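K.L.:
Taking the hints into account, I'd like the entire structure generated from these sequences.
Just so you know, the sequences run in chain order S and U. Each residue of the first sequence is one higher than the one before, starting from 1 at the first, in this note's numbering. Each residue of the second sequence is one higher than the one before, starting from 1 at the first, in this note's numbering.
Copies of the same chain look alike in the list, so a pair counts if it works inside one copy or between any two.
Simulated pairs of lysine-lysine, BS3-like, Cα-Cα distance not exceeding 25 Å:
1. Lys276 <-> Lys321
2. Lys221 <-> Lys406
3. Lys205 <-> Lys119
Since the hints were made in silico from the structure, they are not lab data. Note that this is a predicted model, so its numbers are computed, not measured.
Protein chains: 2
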Amino acid sequence: MSIERPIHTAEILCVGTELLLGDIVNTNAAFLSQRLAELGIHVYRHTVVGDNPERLRNALEAAFAEADLVITSGGLGPTYDDLTKETVASFFHCPMEMHEPSLQAIRAYFERTGRVMTKNNEKQAMMPRGCTVFPNHYGTAPSLAVSNEEGTRTVIMLPGPPGELCSIFREEILPYLKRRRESVLVSKNIHIFGMGESAVETKIKDLMTESKNPTVAPYCKEGEVRLRVTAEAENETTAAEMCDGMIAKIRATEVGEFIYGVDVGSLEHAAVELLKEKKLTLACAESCTGGLISKRLTDLSGVSEVFLGACVTYANEAKEKLLGVRHETLEAFGAVSEQVAREMARGVRERLGADVGISVTGIAGPTGGTPEKPVGTVYLGISTQNGEEVRKLSLSSMRSRDYIRKVSASNAFDMVLKLV
Amino acid sequence: MSIERPIHTAEILCVGTELLLGDIVNTNAAFLSQRLAELGIHVYRHTVVGDNPERLRNALEAAFAEADLVITSGGLGPTYDDLTKETVASFFHCPMEMHEPSLQAIRAYFERTGRVMTKNNEKQAMMPRGCTVFPNHYGTAPSLAVSNEEGTRTVIMLPGPPGELCSIFREEILPYLKRRRESVLVSKNIHIFGMGESAVETKIKDLMTESKNPTVAPYCKEGEVRLRVTAEAENETTAAEMCDGMIAKIRATEVGEFIYGVDVGSLEHAAVELLKEKKLTLACAESCTGGLISKRLTDLSGVSEVFLGACVTYANEAKEKLLGVRHETLEAFGAVSEQVAREMARGVRERLGADVGISVTGIAGPTGGTPEKPVGTVYLGISTQNGEEVRKLSLSSMRSRDYIRKVSASNAFDMVLKLV
Numbered sequence: 001m002s003i004e005r006p007i008h009t010a011e012i013l014c015v016g017t018e019l020l021l022g023d024i025v026n027t028n029a030a031f032l033s034q035r036l037a038e039l040g041i042h043v044y045r046h047t048v049v050g051d052n053p054e055r056l057r058n059a060l061e062a063a064f065a066e067a068d069l070v071i072t073s074g075g076l077g078p079t080y081d082d083l084t085k086e087t088v089a090s091f092f093h094c095p096m097e098m099h100e101p102s103l104q105a106i107r108a109y110f111e112r113t114g115r116v117m118t119k120n121n122e123k124q125a126m127m128p129r130g131c132t133v134f135p136n137h138y139g140t141a142p143s144l145a146v147s148n149e150e151g152t153r154t155v156i157m158l159p160g161p162p163g164e165l166c167s168i169f170r171e172e173i174l175p176y177l178k179r180r181r182e183s184v185l186v187s188k189n190i191h192i193f194g195m196g197e198s199a200v201e202t203k204i205k206d207l208m209t210e211s212k213n214p215t216v217a218p219y220c221k222e223g224e225v226r227l228r229v230t231a232e233a234e235n236e237t238t239a240a241e242m243c244d245g246m247i248a249k250i251r252a253t254e255v256g257e258f259i260y261g262v263d264v265g266s267l268e269h270a271a272v273e274l275l276k277e278k279k280l281t282l283a284c285a286e287s288c289t290g291g292l293i294s295k296r297l298t299d300l301s302g303v304s305e306v307f308l309g310a311c312v313t314y315a316n317e318a319k320e321k322l323l324g325v326r327h328e329t330l331e332a333f334g335a336v337s338e339q340v341a342r343e344m345a346r347g348v349r350e351r352l353g354a355d356v357g358i359s360v361t362g363i364a365g366p367t368g369g370t371p372e373k374p375v376g377t378v379y380l381g382i383s384t385q386n387g388e389e390v391r392k393l394s395l396s397s398m399r400s401r402d403y404i405r406k407v408s409a410s411n412a413f414d415m416v417l418k419l420v
Numbered sequence: 001m002s003i004e005r006p007i008h009t010a011e012i013l014c015v016g017t018e019l020l021l022g023d024i025v026n027t028n029a030a031f032l033s034q035r036l037a038e039l040g041i042h043v044y045r046h047t048v049v050g051d052n053p054e055r056l057r058n059a060l061e062a063a064f065a066e067a068d069l070v071i072t073s074g075g076l077g078p079t080y081d082d083l084t085k086e087t088v089a090s091f092f093h094c095p096m097e098m099h100e101p102s103l104q105a106i107r108a109y110f111e112r113t114g115r116v117m118t119k120n121n122e123k124q125a126m127m128p129r130g131c132t133v134f135p136n137h138y139g140t141a142p143s144l145a146v147s148n149e150e151g152t153r154t155v156i157m158l159p160g161p162p163g164e165l166c167s168i169f170r171e172e173i174l175p176y177l178k179r180r181r182e183s184v185l186v187s188k189n190i191h192i193f194g195m196g197e198s199a200v201e202t203k204i205k206d207l208m209t210e211s212k213n214p215t216v217a218p219y220c221k222e223g224e225v226r227l228r229v230t231a232e233a234e235n236e237t238t239a240a241e242m243c244d245g246m247i248a249k250i251r252a253t254e255v256g257e258f259i260y261g262v263d264v265g266s267l268e269h270a271a272v273e274l275l276k277e278k279k280l281t282l283a284c285a286e287s288c289t290g291g292l293i294s295k296r297l298t299d300l301s302g303v304s305e306v307f308l309g310a311c312v313t314y315a316n317e318a319k320e321k322l323l324g325v326r327h328e329t330l331e332a333f334g335a336v337s338e339q340v341a342r343e344m345a346r347g348v349r350e351r352l353g354a355d356v357g358i359s360v361t362g363i364a365g366p367t368g369g370t371p372e373k374p375v376g377t378v379y380l381g382i383s384t385q386n387g388e389e390v391r392k393l394s395l396s397s398m399r400s401r402d403y404i405r406k407v408s409a410s411n412a413f414d415m416v417l418k419l420v
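P.N.:
Rendered as structure tokens:
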């Protein structure tokens, strides 16, 4: 029966030698940080230590100098070097005892998956006295929260595998943490394409700096900008309404026309949803993106409703054979040209019988640039029964091949959103 | 003129509020950890703090309780909140002074990229007295190393953007750190496909557990296993020979036939190199992988020598129109079948005039499975002028769409390696 006080600040403490060897990337820390930011809980530090009780104990000590909450990942497995739970229990002077419901759940898990339970797995059901146990439907390690007697320090322990950690966090920890906050936070993400981060910031500087609730924070990833609008209120409805008010204000600025959605997954997701809504089919012709547009589209399950197929025409001959681009056009203007982009888009639309055809041809580098057409020169075409349109990109030739390909693909999706 | 003593232990300290908000994943820590592990430098902890001098100072203090070396990333930019360099200088009681070569390099960078240099950027050329400056050809922030007077504590500061950090590390920091080790470590990576991690471990258990120098460590990523062989010796030649001896022993085991290369970049890289060597061209027909094979091939600059193009035939009609798969074959056997894989591979090879055609058709899920053909059923075809061969995969239907697509694409590259 521990007291639970409101939580304001947190530290994320990941346990695992494989992280220190660099064998895996610490996606758990980013995931947890995002969720805590959404809850309005400030994260001051991430720490990673190996499976070593002394270092773990020191890290807990250091964390609680500032934080009310420590979230750990890892070290809840059945083997002798999984020591997170035992170390935290000893830190809080809690004795360990068998937790019968967890033992039964672990037994049931092994029966369900047809595997043999070992004596080791029983260790996973031992819990610090007085802790809150969260069930794990995805593995054998239950999650738990332990607090000190005063209720001012809490450790939430989660398993290391990201699939388990994310699912348990969403299902069990999020409600638990919401309950331990004094107010409710709601965040909405505005997705922007076609305007750079600094331009966005300039246009809405007043809204960003003057508004304390909701707050407006920008973040950017290759070629895209997102604005996270976060409102704090006594209940969810009020906070959501406050967000919507701010979003309306931002839409009314010059940024408005570059907004392609609020809380949509990605540009490709928004483009596919638009095509579904209009009952239109899509075909692609890719040169420099080399399959990336198709790959991003087919990352989305159920895209077959919209996406018929694509031609990756890397060689000039392939452009002629698969898309019917005329030899003379290639000779006269070169493969990276407005004219070829146009013929590629029309060709793939006609050959596959799609409503919309999109095309990309460009120079992704690092080689292949010329003074007239430097690395970063990209033409995108879109074709419908009403004709073709072409967009030219002149990305910096200092950019990586990877960046140029990603931004080109994003522009193709943006053209679908703007022009269909 | 600082003394430089050998380095044995390190801590990685990443600076950036965007990491604490979870807006970006800390790939730098994993990259640096891998490189340090290869050098035989033990990493005891990762820490992430915000752009806050006091927390950064505390983190340095804590790190040097155990480590000889701290590598920081981030906080070297031109704005007022970039404070890593200033904080480290003050930690070591070094005055800051203008570093003329860096100032000139920054000026040249701005001229080259056609942008205007601001007064802020001059700050990036201010350096702690006596530090070692490493040039940055990828951005404006030079990297640097500073040591205390006794040479027992060193901080290496790197810029935050992963592209810059990785390039500078490889070009500048690696030689610097090699010089500061007492012995030389050489690592070689054995790439294995088609045998799982636990099977590999069973087959070479004795070699792995008994050999202390070279060491053999396995690590796996989707569908692939790598063995890192690391030898320590007084010079590079001896260490490399020791690695080669161990690699020969491993090749002589049952694992041998599943090795597709040593220190090759990836399966697709090995496949492309083989085709280049044999002067053969390649075309692909992709259904469930939806462009991923082409995307992975075109990630490699210079692949146009080998790769002509691909058809992403997501819809059945596209398989008929673009590849000439017969309607009757699709009707009789279904799109996910040995027969269709065969016709797709032959069709794309013939239509594009390639020497080798590869094809994939399968069910990536999460929907679309049937009792006869569950999610994870994938057929791969390869066609040459000598005829076709087909490989069937039955991946677990519990696997994610992403995993099934990746492993299918990897199998396509493996077929090129085994059958061409």
